[in-house]
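Residue numbers (the working numbering), protein chains in the order written: chain A, 14 to 269; chain B, -19 to 435.
Among the clues, some could well be false.
[Claimed, not checked] Calculated pairs, DSS-like style, for lysine-lysine (alpha carbon to alpha carbon, straight line, at most 25 Å):
#1 364(B) to 156(A)
#2 82(A) to 142(A)
#3 168(A) to 391(B)
#4 391(B) to 182(A)
#5 105(B) to 125(A)
#6 156(A) to 391(B)
#7 353(B) to 364(B)
#8 15(A) to 243(A)
#9 199(A) to 142(A)
#10 209(A) to 256(A)
#11 82(A) to 144(A)
#12 151(A) to 125(A)
#13 332(B) to 315(B)
#14 199(A) to 247(A)
#15 82(A) to 209(A)
Everything labelled a hint here was simulated from the structure, so no lab data went into it.
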Amino acid sequence: MKQPILAIQNLSAGVEGRQILKGINLSIYPGEMHALMGPNGSGKSTLAGILAGRQGYNITGGEVIYCGKDLLALAPEERAREGVFLAFQYPVEIPGVNSTYFLKAAYNEIRKHRGLPELDAVEFLAFVKEKVKLLELKDDLLKRSVNEDFSGGEKKRNEIFQMAVLAPKFAILDETDSGLDIDALKIVAKGVNTLKHPDNAQLVITHYQRLLNFIVPDFVHVLYDGRIVKSGGKELAIELEEKGYDGIIHGAAVPA
Amino acid sequence: MIMTETKPNVAAGHRITELSLNHKALELSESNADEPAWLLSARKDGAERFAELGIPTLHDEDWRFTNVAPIARLAFKPVLAPAPHGVTGEALRQLGAFAGGKLVFVNGRFAPELSSIAKLPEGVKVMSLAAALAGEPALVEKHLFRFARTDLNAFTALNAAFFEDGAFVYVPAGKAVAEPIHLLFVSTARDNGNTAHPRNLIVAERGSRVTVVESYVSLGDAAYFTNSVTELVAGENAVVEHLKFQDENQQAFHIATVAAHLGRASNVVTHSIALGAKLSRTNIYATLAGEGLECILNGLYLTRGEQLADHYMVVEHAQPHCASHEYFNGILADKSKGVFHGRILVRPGAQKTDAKQTNKNLLLSDDATAATKPQLEIYADDVKCTHGATIGQLNDESIFYLRTRGIPLEKARRMLIHAFAGEIIDRVRSEPVREELDKLVWDRLEQNEEVTVNK
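Bound-form chain B, shown alone (with noise of 0.2 Å):
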């Protein structure tokens, strides 16, 4: 597929809608002799979508208190011909990645050098996208596209139109896969402006079970800009288990969309965990088509300097008996700022629906800010729907009851901040995941000054 460097017009303020993305971009070259028709119609699609849409401003009611227009501005180029990326299973070492077998991608490609995956129970395939497309293509068809569509928002048309790998994870019904997968992103981040549009497809088949952590980290500096596409599907019984975890370098923009497509009576987790990039975007669309199933959404957000960090939710219940519940927890210091935007969508028939969300933000600074959006659409009658958010800093009496068993004050305030991050890495269900992020998050808050600064 032949890519051309894209350079949208901005005008200050103005809505982004040229963008001169040539539909002989799209011209069939010998590596897309390979894309089924369906695909590169997608991919159509996706860049018909993006020049529609163009890049979200601050009017646009879902992004208004993030502004992305620094991505346009961004010269961003898709990373054309496979260089020598140079990272070594060292390197990815002294990442601290999650432990165990991986598939790694580096700027957006699979490097199979880097990766291994243990032995897999009989017909659970774990494989890079484009393998699996050439190899599975009639399951990938199956999915793909189905639930993060093209016009979701701007950036799943763009990733539609320009993803170049990712992973897929296929889970047959009845199989368990013990063993937590991972799904490893790093950038080399050595130029300014490169883009990766990483696009991931997770399948679980009724009564399957599997957990799944994708991870964005960088080795270099440099600005880029991760636009990335998971979609998870999880059949009748499935229980899934999904890890975002988000740490790309301070100069980086990640803007991830994970759409869940939940069966009857599944359980589903999934976390995002947002330490790094100078800004960084999660949306996450839950449908919850099934009865009687049970959908988390967890998340943590450590933001410092001049970090955002936005999370935006769609949760749809669309059958009755469905128990969601968010939990999101931010930590901002210095100017950073944390948003969240939770939309909950309950549809007529969705009796007995149980839907909370909670939201909960703490300030270590006096210019850290935090923008909390509740967002409940209730069109059913018999249902219980609550809705939290605070916005503030560590409790007073707690911190006197600690110091009054001898624990000094500053302390005792880390302790509180650092049990503050832990009620969101408690819910993480994979005993080696979660003590690994455990001590990633620790050690990354007892960087942070203010965490021990007396207020």
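Bound-form chain A, shown alone (with noise of 0.2 Å):
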């Protein structure tokens, strides 16, 4: 059997006097698309952040493994030169730091950890231009600092972007769909449809069954109060459209 990409054992997390995840466990393997489902509240995002290293959580049982590593003892820069990605629910403004320069730092840093030749900036811009093409992006977004001025679905796009750029190994794509209209989800689902790999891995989290209309994935994930409390096909995620989460969580068996 191959190894996982991800193998997340009895996860246990909280912030300050609070616990947030209570005992997730889950794999991914190569080729595999993860949705992760809940509502607000369930630890979503909480689980985004402990995966890219985000300080402020707790971590208070459990671990993870990336590719046979211990990811929670990686800085979040090492854990990117290691392949894994977040696509932010939230991405930040950066004034002054020029989007081309940024991510062609970011891309050499990856290459460099590889092994690999760093690009010029007359190469890199040679190649991101095809992938600024795939997410329907205007031209002059790569003269601009980062995610400065962007709508909302210009910054969600510009994550996929990146994520097309840097070539993860493992993307977290942590409510990608929020706040955008149906037009822009159908140009980030094309991107991250075009990206999947027998190699690589996604997990999509969403409150939204929406976007799995576009992004199908293989295995669906309902988290509530920090478990798992239900596994399924694709066809979960239309069950919980047709019954709500409460439907879904209390016909559950909850673990003790």
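Dock the two chains into a complex; use the hints.
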């Protein structure tokens, strides 16, 4: 059996005084797309943050193995170099940091880590041009500061654009669909689907089923109160749409 | 002109009112015989004003964050006879001074052998102020002292009394000067206590366009005092970009006044970049004297060690439909201090004023301090005035975002610090000036260890 890209084992975590994740178990294998759905407050963003290395959480138990390595022991930049990517729910604006400069720096850090030669400015621009087209972003985007004055939709498309450039092994999409209209959603989905590959994997975190009409997952998990209470195939998302979270959760056996 | 050495009476904490400026000091000497009566009168006025006002103390509201008493303690002496200054073109190049045509002043005196200005459009005049007083007295008289009045503050008074030279830039109506004009003020800084009072007059007539850069740098390590005054007159529809670049040595005192008078529908941007000096204070007075004009005040100050960089500005909206925007960013390291005091005065008739003021301070150490004081006096009722100030450290979320893309912590911090400075530099419109400035500031930031320390 292939080694999982990501194996979360009994992960518990919280912030000061409050447990948020209460024993998460999840394995993701190469070529798989997993969707994680849950009501507000279930712990979705906490899980995304912990996987990406965001500070402020206490890990109270369990572990996360990424390609055989202890993920939680790695700094955020080390995780990125190892191929982990987080598409933020609320991408921050960074005025004064040029988008191209930033992305080239990031790309070259990862290349360096893999023992590959770095690209210069000209080579890099040629390389990213087609990915700009894929996400239907304006050409001038690369000349602007990171996310500055981007609309909500542009910010989300920019996240997927970065994903296309950095080609991660494991991508976490944190509510990438929130705030998007149907057209933007389709573009984002097209981007994500194009990047899907037998060697990589994705964890798509979403509140609404709508996205999953366009990004079709292999597995769907329902997160409730810090636990995965139900897992299934893509049909589970449709069932969720019909019955609502309440219907699914109270029909599911909650572990003691 | 004969100038006596001034020995101010400094009792600790007391107002300095006694200054033995002797009226005899302003007796006409042979060199003075050429000076017109109106100029001599202004000098006398300046001397009297200074004696009256004295060097500001911390009890003066507009100076309360900045102790300038050490200037008086420095027995400042004007550099009298023009001695061979020993400054070479090579030395200037090593200073990294802005490339291109320039007027060079050494210790406040025009150095024609180091200066060269490219061919100018017809009617445009770029020369030393002393030469202008001789060659274009009417033009100079029309504008000099009109806006940086002798009584503006003690230092403009002192400058009026003692200025020897500076630059005169005149652009006639409708003319555009494509290349930036550089005014380079170099202090040899060999002996402690030298003083220079450069005075510049920039006149951009109706519909003209010009970019003027004034730089203050030094070649030595001794303490000295630069007290400069620049008057800038922008006529109707004129487009002017002005930049003051200050990189005096770490012992120097730099007090500068920029007084700008803006005409109808003009577009004026003035930048102040403060990198050096032990203590620097830049006063910017902008009078928005015509309707529908736009004025931008843009500044960056980098301080470390025990430096203090102070910016004080008064923007006066005297007419309706004018926009003024102030953007000042400070990057403060070690035990240094940044001060920002921005007064916006909106007069009763100045309806539809759009005034904005933003001061952001980035503290790189626990001991750095920033003082920021917005002051809005609004006497019209249909206006938009906003002000904002921040004092803080780098944004954690931004650092995290960069790290999740593979950029290591230290590099992420450096990128954000450079970006913070870049916000200001990006507003320089002249491409060659902006690129040169970008490089200078980049190198200076990289030299600062705290830019890379993990905090």
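Hints and how they fare:
Our distance criterion of 25 Å between C-alpha atoms is broken by residue 364(B) and residue 156(A), whose separation comes to about 31 Å. Taking the CA atoms of residue 82(A) and residue 142(A), the gap is near 34 Å; set against the 25 Å cutoff, the hint is violated. Taking the CA atoms of residue 168(A) and residue 391(B), the gap is near 23 Å; set against the 25 Å cutoff, the hint holds. Taking the CA atoms of residue 391(B) and residue 182(A), the gap is about 24 Å. The hint holds against a cut of 25 Å.
Note on residue 105(B) and residue 125(A): the hinted pairing is violated, with a Cα-Cα distance of about 55 Å set against a maximum of 25 Å. With a C-alpha separation of about 21 Å, the suggested pairing of residue 156(A) with residue 391(B) holds against the 25 Å cut-off. As the CA atoms of residue 353(B) and residue 364(B) are separated by approximately 19 Å, the hinted pair is consistent with the 25 Å bound. Our distance criterion of 25 Å between C-alpha atoms is met by residue 15(A) and residue 243(A), whose separation comes to about 24 Å.
Note on residue 199(A) and residue 142(A): the hinted pairing holds, with a Cα-Cα distance of about 20 Å set against a maximum of 25 Å. Simply put, residue 209(A) and residue 256(A) have alpha-carbon atoms about 30 Å apart, too far for the 25 Å limit, and the pair is violated. Proximity of residue 82(A) to residue 144(A) is assessed by CA-CA distance (about 30 Å); at most 25 Å being required, the pair is judged violated. A C-alpha spacing of about 29 Å is found between residue 151(A) and residue 125(A), which places the hinted pair above 25 Å, so the restraint is violated.
Under the criterion of a C-alpha separation no larger than 25 Å, the hint pairing residue 332(B) with residue 315(B) is inconsistent with the structure, at around 42 Å. Our distance criterion of 25 Å between C-alpha atoms is met by residue 199(A) and residue 247(A), whose separation comes to about 18 Å. Taking the CA atoms of residue 82(A) and residue 209(A), the gap is near 23 Å; set against the 25 Å cutoff, the hint holds.
Taken one by one, the earlier hints fail for this structure at numbers 1, 2, 5, 10, 11, 12 and 13, listed in ascending order.
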